[in-house]
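Going down the list, the protein sequences come from chains A and B. With the working numbering, the residue at position 464 of the first sequence is 464, and numbering never jumps. With the working numbering, the residue at position 327 of the second sequence is 327, and numbering never jumps.
To be clear, the hints were calculated from the coordinates, so they are not data collected in a lab. Don't take each hint at face value.
Because identical chains share one entry, a pair is satisfied inside a single copy or across any pair of copies.
[Said to hold, decoys possible] Straight-line distance between alpha carbons at most 20 Å, and here's what the computed SDA-like set of lysine to any residue pairs gives: (1) K415 with F489; (2) K272 with E159; (3) K145 with L353; (4) K397 with I419; (5) K396 with L20; (6) K344 with A426; (7) K118 with E505; (8) K344 with G215; (9) K415 with T242; (10) K7 with A289; (11) K335 with L353; (12) K335 with L395; (13) K7 with T242.
All of these numbers come straight from a predicted model, not from anything done at the bench.
2 protein chains.
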Amino acid sequence: LQTRVGKRTAAAAFRIAVQLVDEDVIDMDEALLRVTGAQLAQLMFPQFDKDGGERQLIATGMAASPGAAVGKAAFDSATAVEWAARGESVILVRRETNPDDLSGMIAAAGVLTSRGGKTSHAAVVARGMGRTCVVGVEALRVDLKQREIRTPDGAHVGEGELLSIDGSTGEVFAGAVPVTASAVVAALLESSSDDDDADGAGDGDGESHAEGEHGELIEAVQRLMRHSDSVARMHVRANADTPEDAERARAFGAQGIGLCRTEHMFLGARRKIVERVILARSDEQRESALQELLPLQRHDFLGIFEAMDGLPVVVRLLDPPLHEFLPDLTELSVKVAVADALGKPDEEGEALLQEVQRHNEQNPMLGMRGVRLGLTVPGLFQLQVRAIAEAAAQLKKRGLDPRPEIMVPLVGDVKEFAIIKEQSLATLADVVAEGGSDLHFPIGTMIELPRAAMTAGAIAGEAEFFSFGTNDMTQTTWGFSRDDVEAAFFPHYIDAGIFAVSPFETLDVAGVGRIVAVAAWEGKEARGDLVVGVCGEHGGDPASIHFFESIQLDYVSCSPFRVPVARLEAGRARLEAI
Amino acid sequence: LQTRVGKRTAAAAFRIAVQLVDEDVIDMDEALLRVTGAQLAQLMFPQFDKDGGERQLIATGMAASPGAAVGKAAFDSATAVEWAARGESVILVRRETNPDDLSGMIAAAGVLTSRGGKTSHAAVVARGMGRTCVVGVEALRVDLKQREIRTPDGAHVGEGELLSIDGSTGEVFAGAVPVTASAVVAALLESSSDDDDADGAGDGDGESHAEGEHGELIEAVQRLMRHSDSVARMHVRANADTPEDAERARAFGAQGIGLCRTEHMFLGARRKIVERVILARSDEQRESALQELLPLQRHDFLGIFEAMDGLPVVVRLLDPPLHEFLPDLTELSVKVAVADALGKPDEEGEALLQEVQRHNEQNPMLGMRGVRLGLTVPGLFQLQVRAIAEAAAQLKKRGLDPRPEIMVPLVGDVKEFAIIKEQSLATLADVVAEGGSDLHFPIGTMIELPRAAMTAGAIAGEAEFFSFGTNDMTQTTWGFSRDDVEAAFFPHYIDAGIFAVSPFETLDVAGVGRIVAVAAWEGKEARGDLVVGVCGEHGGDPASIHFFESIQLDYVSCSPFRVPVARLEAGRARLEAI
């Protein structure tokens with residue numbers, strides 16, 4: 001109810017703001033300041049169909065993380081993981097969650113608990129992951145032995161039966177309630193094709209032909225978005241790793257890709273080739289595996305550059321620890337030991353285990369990853385640079401305008417960056433010499449370590465752009481990793497008043513923000529035309545966006561679905577700053 | 001060989017500097033500037049007898065912690081402890097060490113590992129304990145099953161056979177090479193008893209009666225040490241966790257304990273009790289286990305406070321992740337799976353495994369440790385505070401003057417600290433009420449996270465002292481963990497000119513140093529009488545000591561054996577600064 005109210009309030013805010021403009025009571029700037037990104041986000045969530053017919057409301061709890069989720073009830077994490085693995089949508093049902101439930105929460109479409117409040121483990125973790133979540137449904141009895149939910153009036157929902165939960169209202173329904181996509185989302189996607197002609201005057205004529213209150217809302221959103229775009233100083237880009245995500249981001253008005261991660265390009269069927277790169281016993285073996293990856297990587301980039309034709313695409317070179325591509329140490333150890341105990345030694349497994357042990361790290365997040373990989377695994381980063389360059393050359397020949405930018409992750413010292421930059425320029429020159437067209441790509445770096453921030457002036461002497469990786473910067477500045485702590489003790493911390501909100505959700509201005517501000521300032525002092533953006537999750541968070549405006553970043557980059565929110569907040573932040 | 005020459009040069013430098021003073025060519029300040037801590041360190045190590053006869057060099061690795069050690073090869077900690085307990089000298093031989101090997105390292109005369117670099121666990125811990133250590137002897141194959149070392153040319157050294165290792169050259173010899181103790185160490189220990197009467201004039205008369213070149217050297221060292229103490233602004237404390245180390249540190253002139261770690265107090269026979277604290281299913285179970293630890297902890301502190309009577313002892317509350325006290329996940333998984341495969345299910349093991357899995361972390365260094373433990377495990381830190389308070393009260397009743405200080409590790413936000421401080425003050429008040437004498441201990445914090453440094457002003461509003469944990473600060477500022485990176489890529493980095501020296505050995509002034517300087521400055525601005533020291537490994541490193549003088553820290557703290565070096569460099573740094 002609360003969010004249905006929220007949604008009504010949000011819709012009203014947009015409509016009324018524009019009405020007041022039309023009545024000459026306020027101007028468009030004032031109207032923009034009267035709506036918020038949070039309200040727009042409310043309007044963008046899918047919701048359960050009002051006319052869904054046989055909706056059977058069985059209880060109402062607290063709305064902990066928005067969205068509308070439908071799936072089979074699973075009463076433990078292992079079951080949720082198993083069912084999700086075979087493609088089923090699952091609602092994880094628990095009395096309350098604890099760190100053991102993390103894998104189940106990741107696998108589930110939604111999370112339902114009978115206990116806990118808005119700072120419970122389930123609520124905090126689900127919000128962090130963007131999972132739909134309802135908590136504290138005290139009226140429901142979650143019976144883990146019988147594996148069923150019982151309502152006060154005697155209804156049952158057993159394991160495997162369908163449930164629908166509304167994370168915006170706290171409602172819990174038995175069965176599958178049909179979900180309606182947001183009309184505002186449809187309108188935002190529709191209007192993006194006109195974006196190039198937008199004059200920013202925001203008169204909105206002819207933009208929507210829908211009738212009544214609904215039509216008014218759509219028109220109000222469109223006019224306010226246009227106005228926001230016209231006053232915003234910061235650009236909004238998206239984090240997207242596939243052509244599909246890139247297209248969606250562009251449809252939502254993204255002015256480029258601020259972060260194209262390349263790690264997923266090494267997974268799936270390619271994992272075996274990557275294993276050969278890692279386990280290579282000679283330069284030749286490694287080189288041959290890399291050569292197999294080249295056409296696959298090139299293909300990856302072709303699709304993304306084409307989707308973003310004419311707009312920048314910042315490609316981050318491989319970041320995660322290499323052993324993420326190897327089998328799990330514990331699983332493999334068990335497999336080998338059991339085979340041995342049963343008198344059927346697994347020689348291949350033993351050989352692989354030795355390598356896995358060799359590459360094992362105590363703290364992978366603080367180990368051999370990012371630029372350190374590029375500096376120690378010969379040819380790896382240059383495979384990626386070549387794939388980028390060849391894809392761009394191919395598109396140019398087809399008359400397109402690809403604009404890749406090469407981003408080096410996890411730099412701590414300017415010398416690390418300078419070595420990779422020099423190698424990359426050589427690779428670009430090779431591709432040009434082999435008949436590619438003229439290729440000039442900006443080469444820049446993530447700023448995600450305090451060391452990089454403290455020496456930003458020196459790094460800007462070499463790098464053409466900075467992109468703040470505020471997730472990693474939050475991890476290193478606070479000395480905690482999101483995977484390990486968000487579930488383990490953030491709920492305690494929020495209860496104790498140490499955090500008001502997770503620093504992975506809203507940027508911690510006093511700590512991380514101070515470091516980011518120093519680096520942005522000193523980077524721009526060292527290189528006047530340095531482009532400085534942010535590509536952490538915070539790029540889509542309203543409060544964080546206002547901070548980034550205050551320190552004059554050039555753009556924020558966020559997940560495609562957050563792009564409209566970021567566009568609205570970029571304009572609002574600009575108005576508040578001037 | 002290199003060090004033999006070094007030693008001659010070092011001795012000459014000390015003798016000549018003082019001769020020139022006596023000839024009125026230079027004054028004592030100038031003389032002090034003409035010798036170095038590195039030279040003093042050279043003079044302090046025992047060395048293998050030049051005329052030792054049949055030395056059989058079998059391999060050379062990295063010189064990780066200087067000295068000359070001879071003993072029987074032991075291939076695990078338990079064996080080392082057992083043999084040492086019956087009075088034998090032991091060399092602990094491992095592929096690499098981990099915290100479980102601590103008791104073996106303490107028991108051993110020297111530590112030899114086939115893997116790891118200068119910042120590996122073995123190297124860092126051995127340097128901290130002043131144990132001779134050679135690491136990364138890649139040519140040797142350490143066979144833990146056969147319990148022997150094999151050399152490339154087929155020689156063997158079996159368990160119980162004699163080994164000699166030279167931690168200044170990295171040389172490993174089969175058999176016992178005769179050792180000569182350092183006369184300079186003897187003289188430094190001897191003179192420490194006169195320290196209270198030192199007038200700092202440095203005339204050195206009557207301090208040593210040894211004759212000839214040798215006597216001259218001893219006298220020169222003593223006069224220069226006295227002069228250094230008289231001009232130094234920074235104090236020198238020691239990192240010591242046992243009464244024996246504390247006594248040694250004091251004998252070397254330490255003016256207190258800057259870091260008393262408490263983690264080793266939870267190992268060995270107490271591990272089982274700690275396991276019960278972690279695995280407790282109720283407050284009562286946990287409380288009962290903590291109560292068992294109390295008298296043991298109190299006893300630990302009694303010995304240390306007594307050894308440092310009248311001098312400050314900074315006790316760091318428990319820092320490492322709790323699961324370090326639990327069995328290893330992979331080992332236990334293998335054990336349980338093998339038992340299962342053989343049809344003899346290990347039910348106890350299975351139950352324990354579930355708990356171990358629950359506490360497992362992806363990145364323990366970035367997980368549930370330090371103050372986060374104190375805030376989430378009820379009673380844990382307060383057990384420690386009570387043990388400290390009761391020990392101090394007991395010593396006061398005996399007319400002694402214990403001066404404990406309570407240090408909270410891994411603070412990122414002032415609120416974390418404030419909660420622990422409030423609880424600690426309540427515990428102190430309880431102990432006073434129970435009949436203890438008046439107890440007023442300073443309560444302060446490690447500054448080892450960039451977040452703490454960036455908010456140092458706020459933290460100084462609550463904390464009475466800061467101690468920079470520059471090891472952890474280096475880890476978080478650079479985003480790499482000591483254990484994971486040195487062997488993996490530091491050699492590449494040093495080759496590529498990215499580092500001149502490991503930032504774990506000499507403080508990285510541009511990055512970590514900048515953060516430390518900001519925090520020291522803003523801390524003192526917020527609280528005029530804030531005591532600010534450093535207790536990372538860097539506290540014993542000459543170049544780093546000069547940096548700490550330049551930013552006006554109050555003291556450095558280092559391993560006992562480094563105290564004389566730090567005293568000399570503290571004086572020299574002061575002279576250079578003024």
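Have a look at K335 and L353 and pick one of within, between, both or neither, based on CA distance no larger than 20 Å. both (10 Å within a copy, 16 Å between copies)
Is it within, between, both or neither when you check K272 against E159 at 20 Å Cα-Cα? neither (29 Å within a copy, 39 Å between copies)
Quick one: K118 to E505, C-alpha cut-off 20 Å, is that within a copy, between copies, both, or neither? For K118 and E505, only the intra-copy Cα distance (8 Å) is at most 20 Å; the inter-copy one is 38 Å.
Same-copy or cross-copy closeness of K7 to A289 [CA-CA at most 20 Å]: Neither way: K7 and A289 sit 52 Å apart in one copy and 52 Å across, limit 20 Å.
Which holds for K145 with L353 at a C-alpha limit of 20 Å: within a copy, between copies, both or neither? between (25 Å within a copy, 18 Å between copies)
Within, between, both or neither: K335, L395 at alpha-carbon 20 Å: Neither way: K335 and L395 sit 47 Å apart in one copy and 56 Å across, limit 20 Å.
When no copy is named, should K396 and L20 be tagged within, between, both, or neither for a Cα gap of at most 20 Å? Neither way: K396 and L20 sit 49 Å apart in one copy and 76 Å across, limit 20 Å.
Within a copy, between copies, both or neither: which one fits K344 and G215 at a CA-CA cutoff of 20 Å? Neither way: K344 and G215 sit 71 Å apart in one copy and 70 Å across, limit 20 Å.
Is it within, between, both or neither when you check K7 against T242 at 20 Å Cα-Cα? neither (31 Å within a copy, 63 Å between copies)
Identical-chain pair category, K344 with A426, by Cα at 20 Å: Classified as neither; 51 Å inside a copy, 61 Å across copies.
Regarding K415 and F489, is the shortest C-alpha distance of 20 Å or less found within a copy, between copies, in both, or in neither? between (37 Å within a copy, 15 Å between copies)
Alpha-carbon proximity context of K415 and T242, limit 20 Å: For K415 and T242, neither the intra-copy (31 Å) nor the inter-copy (42 Å) Cα distance is at most 20 Å.
In summary, the structure is inconsistent with hints 2, 4, 5, 6, 8, 9, 10, 12, 13 from the numbered list given earlier, while agreeing with the others.
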